[in-house]
Amino acid sequence: MEIEDKNTTIDAAPNNHPMDYKELNEKIHETLKINSKKIILDNVCGQRFIGASLQGDIEMEINGLPGNDLGIFMDGPKIIVHGNCEDQAGNTMNDGEIIVHGDGGDVIGLSARGGKIFIKQDVGYRVGIHIKEFEHKFPVIVIGGTAKDFLGEYMAGGLIIALGLKFINGSVVESEHSICGSELGTGIHRGKIILRTNEDLEGKLGIGAKVFDLMDETMKDIEPYIKEFCEIFNIPYGIIQEKPFQVIKPISKRPFGGNYCGQII
Amino acid sequence: MHWENYTSLPEKFRNQRVFDGCGIAGFINIDGKKNNGSKITDMLTILNERENGLGAGFAAYGIYPEYRDHYALHFLFDDEPIKLDVINYLSDIGFVVQSEPIPTRTPSNVDDPPIVWRVFYDPKEKRSVSQDEQILQLVMEINENFEGAFVMSSGKNMGVFKGNGWSHEIAEYYKIKDYNAFMWLAHSRFPTNTPGWWGGAHPFNLLNTSVVHNGEITSYGTNMRYLESFGYKCTFRTDTEVIAYLFDLLCRKHKVPVEIASLALAPPLFEEIDKLKDIYQIALKNIRATYRSAMLNGPFSVVVGFSDPIPTLIGLTDRKKLRPLVVGISDDENTIYMSSEEASFKRLMLYPNNKFSFKEIWHPKSGTAVIASLESGLIRNGLERPFEKTKLTIKGV
Amino acid sequence: MTLSHSMPSYFHVRVDREYCRKCKRCTTHCSYGALSFNGERIIADNSKCVACQRCVVMCPAGAIRVVENNSLLPPHGNYTRRIRNIIWAQSGNGGVLLSATGNDRPIRSIFDDLLLDACQVTNPAIDPLRETIETKVFFGRKPSKIDFKRDSENKNDISLKTEFMPNFEIDIPIMVGHMSLGSISYNACMAIYQACKELNILAGSGEGGLHPDFYEYGNNIITEVASGRFGVDINYLHNAAGIEIKIGQGAKPGHGGHLPGEKVNSLISQTRMIPKGSDALSPYPHHDIYSIEDLAQLIAALKEATRYKVPIGVKIAAVHNSAPIAVGIVRGGADFLTLDGFRGGTGAAPRIIRDHAGIPIELAIAAVDERLRQENLRDEVTLVAGGSIRYSADLIKVIALGADVAMCSLPVLIAMGCRVCQQCFKGLCSWGIATQQEYLVKRLDIDVARNRIINLFHSWNEELKEVLGAMGIDSVESLRSNRDRLRYIGPNPRIAEILGVKHAGE
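Protein chains in written order, with the numbering used here: chain A, 5 to 269; chain B, 5 to 401; chain C, 91 to 596.
Treat the hints as calculated values from the structure; they're not laboratory data. Mixed in with the good hints, there may be bad ones.
[Claimed, not checked] Derived EDC-like pairs: lysine to aspartate or glutamate, alpha-carbon spacing no greater than 20 Å straight-line:
hint	chain 1	residue 1	chain 2	residue 2
1	C	Lys226	B	Asp282
2	B	Lys395	C	Asp247
3	A	Lys82	A	Glu178
4	C	Lys516	C	Asp135
5	A	Lys170	B	Glu388
6	B	Lys237	C	Glu465
7	A	Lys141	A	Glu232
8	B	Lys257	C	Asp241
9	A	Lys170	B	Glu364
10	B	Lys359	A	Glu232
[As the list claims (entries may be wrong)] Listed next, the stretches of chain A that the computed footprint assigns to chain B, with coverage defined by at least 3 CB atoms under 8 Å from CB atoms of chain B:
hint	region
11	11-23
12	54-66
We put the CB at the ideal spot given by N, CA and C, even for glycine.
Chain A extracted, bound-state conformation (with noise of 0.2 Å):
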C-alpha cells in the first residue's frame, strides 16, 4: 500500500497473482479505518463483492475488471471503474454513484432504491430490474451504447436512459445495433425508460409496457442527467439531439390484476 495524501492504492494482483476478494475487501475496509478518502485499486480481476456495503462519503477508482456484485448494498459511496465491470454491479444500492468506462454486464441496479449507475458502452440482459423509487429516492440508471433483452423489467420507478452510441477510436458514433432486445419493460408499473432511437419499439415492448411521446418536461427532468453523463464520457451533447427521444411507460399501476379470481369454491 502506498499512501500519497488521502489517497491510497491497492495492488489487486500483487506479482500478478490475483488476491482473493476476501482479502481484497479486507485490504478496503482496513484503508477505510485510516480515513482514507479515496482508494485506488490496480490490477482488478474479476473479485468480488468491491464496496459492498460501503457507506459515506469515499471515491474508489478501480483499474482492471471488477467481479460480481460491485458495490452491492452500497449507501453512498462513489466508484469510478476504467474497464468493464461483470454482472449485478448496483445491487440493491441505496444511494451512490456507479460510473464504469466500458461495458457493463447483466442484471445491474437489481432492485437499487437510489444513486446513479452510469456505464458508457453496452450492456446485458435484465438491466434496472425491479429498480423502485420512494419519495426523494430515486434510481438513475444510463446506458451510453445498447442493452440486451428484459430491459427494466418490473420496474417500480426511477429512470432509465439508453443512448445507443458507440465509441470508436476516440469519437463517438451512433452504434449500429438495436438499443434494446425484446420483453422491453415487461412487468413495469412505475417510473420511465428512455431510449434515444428511431427503431420501430412496438413489437419490442413487454407485458404492461407502452411507447409514449416524449414530453417537455420529462425531457426538462432527464436533461441534467443526459448532460452529466456526456460531460464524463466526453460525449458532445450536439450527437445528443440528432435522434428522438421515446418513452415507455406502464399502462396501470396494477397490470395484472384482471390474472386472479377470488371466489369460494
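Here the structure of chain A is known, so what remains is to put chains B and C in place on it, guided by the hints.
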C-alpha cells in the same frame, strides 16, 4: 482433494439428482498451434468462487499425435482386479494398441488413490456397426455393468482428466501443464447435494464430444427419456450427461449441421420465429416440432468441444440468459476464448509482456451459439439472428 | 310400478310455501316432469327429479331447494343403496341399464395422488407474468430426424431435405373431446366450435357427421370416423383439420356409439343421414377392421382421400394391453393416437360398461408413452389423453406422464351449465345441452356459452404457465414425459412404479 468415490457415488446417493453451480472455460487455437495446460488452468482457477472443491476437470484435444488414429480410452478404476477385467473385456472385442497409467502426482500421504489409466484402442472392423457405435456401446457397457470402473473419455487424440478436488489440485494431480493441446476445456464444480465423486466431475465426454456445463436442466426427465430410446444410457443422474449425448445424437448420428443443432437445443421463442422470413419460419417450426424432446430447458451455459468432422468449440447459453458466458478473440485472431466470466480473460492479461491480449471481448446473445473451428476460425459469433449467415433451401419450398 | 316395488327417490324437491309466489315458472322449466301445479300449489313428483337445479336457479323467489332424500333404507355396507336400486330397476324392465357422463364410482383418482415439483435455489423459477412461457404444441406426425446437406464448397449453404407431414399448431395443449351433434345440441356444438376457433385449439366432432353450419370452423375440428360411419361423406373429410378413426372410447370400451331414438329428430337425421326417430347404434367393431393390418389400410385410405393434407389418427379406449396396441397403431401409420381412460364420458352407455370396464388414463398414458419410447416411436406421434381431465392440475399431470395434448369434455359442458345429473340419454336436458328438443335447446345462449368456455381454458392455460414457471420450464414441450417432476403420495407404491414416478420424499 477427496480420495474416495472414484467410479461411483456411495449407494445411498445413487438415484438422486445432482445439482451443480460451476465455472467453465475453454479456448481453441485456429491454426492448430498447441498450448500447454497452464493457460487453461489459470483461466479456470481465477473462477474459484464458482467451485467448492468437490470437482474439477479438463479436456484436451490434440494431445496424442503419435496415437492419433486410435481411440484413447481414459479410465478410473477402484482397484487392480477391475482394471484387469476391463482390459480383458476390451481385448476380447477389439485390439489394445497400448495400455499404460496416466501420469499423476499423488501426495505421499494418500493410501488409496484411484488407478488412472489409458488404453489406445481399435474396435473390430464390422460391416453392420461403425467403429464409433462400437465404442459408444462399450462405454455404456463398462459404465453400467463393470462395478468399480469409469470411462472418463473415449475420443481420438484427446482426453479428459477429472476428479474430486479444487481445480488447482486436479491440475496439479494430472500434471495438466505437461500436455499440449490446440483446444482445451475446463470446469470447476459446485455440487450441492452429493459428496462429489470423481466420475461426476465435468467435462462429460462421449467419443469426441466433451461438455462443460454451468446450470441445471429442468427438462432432464424429458431429454433423458428421448435419449434412452436411441440406446444412450443416462447412468450418471446428472444433466450434463444428456447435453453431451444430445450433441452426439444430433451432430454425429443425425448429421445435423452444428449451427442448426444449436437452434434445436436452444430454440428461439415462437414470438421471435413469427418475425422471421417464411422459409426460416417453416424450418424453425419443424425443427422445434421434430426435436422438441431434445430442447434444453432451464438455466445453462455450456462450452462443448467436438471434432466430427473438424475440431470445433461451441459456446451456448439458454434462451432466457440465466447463466453467464463471455467470449474473447486474441489480437492475432488465432485464438477464441470462452468462459463464465470475463475475469478469466483478465487473468491472462495479467501475464507480463502482453503475452495474451484481446482484440475484442463480447457477450453472446441468449440462445445463440458461438462456433469456432480449426482452420475455419470463428464461424458464428453468437450475436447473429437465426440463420443470418446461413443460406437455407428447403426441398419443395 | 306397483307401490311394493318402488324405491325411495334420491332427491326431494322442497318448495318453501312462504316464498312461493305460485308463478308456475318452475313447472315449465322442469323438463323431467317433476313439478306441476294442482290448482292450489306446486307439487313435486320426486321420483322424476334428477337434481339438475334448473328450477332452483329459475325460481324468482328462490323458494326451491332440492335435497337428498333422508328417508333411509336399512343401511348396508355391501348392498349399497345404489346396488339395490340397480337390482330393482332391472327387475322392473328386464333391460340393460343406461347411464351417461363418466364413471361416478368413488374409485381413487391417481391424479390426486400425484404432486408437482417446483424449483428452489439450484434453479430459478420463471415468472409467467413477465417472461414468456410457451404452451404451443404441434399436432401431427413428425419425422424421426431432419436431413440436412451442407454444400462442400460454400459451407454456409445448407439444404433441408426432409419432407414434412401436415401438423396443426395449437396454442394450448388441450382438445375438446368428441361430443356429437345428437348427443349434444346444435347450440352447444356451435358454442364449442366458436370457442375453439377463438382459442386456436381443436374440438372433436363426435360421430354425428358435420353440419354444414360448422364447416367454417373446420380448421379447428377433428372429425370422427366411427364404426357407424354416420355422416362420413366427402364434405366431412375435406372440411376438417384432422380425422380420427374411433375404435373405442373410455366410457364404453368395446362398444360403439349410442344415440337413443328420442334424440334423433330431423336435424340429426339429416346430419347423420339416418331415418328420423331410429336409434343410432354404432356397430361394436368397424366391420372393415378385424385386425391391425386392416386398420393400417383404413388409415392409408383416409390419407389418400384427404390428399395427405391433414393428420389422421386413431382413438382407443384404455384397456389392459393398450401399450402393444398403441405400438401397432403407430406403426400402422397413425399421425396421432388418442387414449381414453375408463372415466371418460359419454351421452349414453350401458352402466355396467361405463362403471366397470377400462383402466385409468394415468396408468394407460404412462404405459403407452413408455412402450412407444422403447420402440423409438414416441417422438414421431402426437399422444392425446382423455378420460376425466377435470381441471388444470389433471392437465399438467397427464402431460408430465406422457401426453402431448389433454382431451376434456365434461368441464366444457359444466362451463355451459351442466350439473352432471347423468341423464343425457333421456334427451330432456333442461339446460339445453344434451337434448334435441327445440324448446330446451333455445335455453342455451351460444354467445354466453362460448365466452364461458373461452374463460375456462384461458384460466387453465394461465395455471399451466404458473406451474411451468414454478418448475423453471419455459416451454410445455419440456414438461412432456418429464416424470421426474412428479412425485407419488398415494397408498400403493406399485402404482408409482408403473407410472415411473418416484415416491414423495425420494
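Results for each hint:
1. Between lysine 226 (chain C) and aspartate 282 (chain B) the alpha-carbon distance is near 19 Å, which keeps this suggested pair within the 20 Å criterion.
2. A C-alpha spacing of about 5 Å is found between lysine 395 (chain B) and aspartate 247 (chain C), which places the hinted pair at or below 20 Å, so the restraint holds.
3. Our distance criterion of 20 Å between C-alpha atoms is broken by lysine 82 (chain A) and glutamate 178 (chain A), whose separation comes to about 29 Å.
4. This hinted pair checks out: lysine 516 (chain C) and aspartate 135 (chain C) have alpha carbons roughly 17 Å apart, not beyond 20 Å.
5. With a C-alpha separation of about 19 Å, the suggested pair lysine 170 (chain A) and glutamate 388 (chain B) falls inside the 20 Å cut-off, and the hint holds.
6. For the given pair, lysine 237 (chain B) sits about 15 Å from glutamate 465 (chain C) by alpha-carbon distance, which is consistent with the 20 Å threshold.
7. Of the supplied pair hints, the one linking lysine 141 (chain A) and glutamate 232 (chain A) holds, its CA atoms being roughly 19 Å apart against a limit of 20 Å.
8. For the hint pairing lysine 257 (chain B) with aspartate 241 (chain C), the CA-to-CA distance comes to about 18 Å; that is within 20 Å, so the pair holds.
9. Taking the CA atoms of lysine 170 (chain A) and glutamate 364 (chain B), the gap is about 14 Å. The hint holds against a cut of 20 Å.
10. Between lysine 359 (chain B) and glutamate 232 (chain A) the CA atoms are separated by roughly 38 Å; this puts the pair beyond 20 Å, and the hint is violated.
11. Here's how the region 11-23 of chain A fares: 3 of its residues keep a CB closer than 8 Å to some CB of chain B, so the rule of at least three is met and the hint holds.
12. Remark: the region 54-66 of chain A is not confirmed as covered by chain B, as 0 of its residues place a Cβ nearer than 8 Å to a Cβ of that chain, below the required three.
In summary, the numbered hints that this structure violates are 3, 10, 12.
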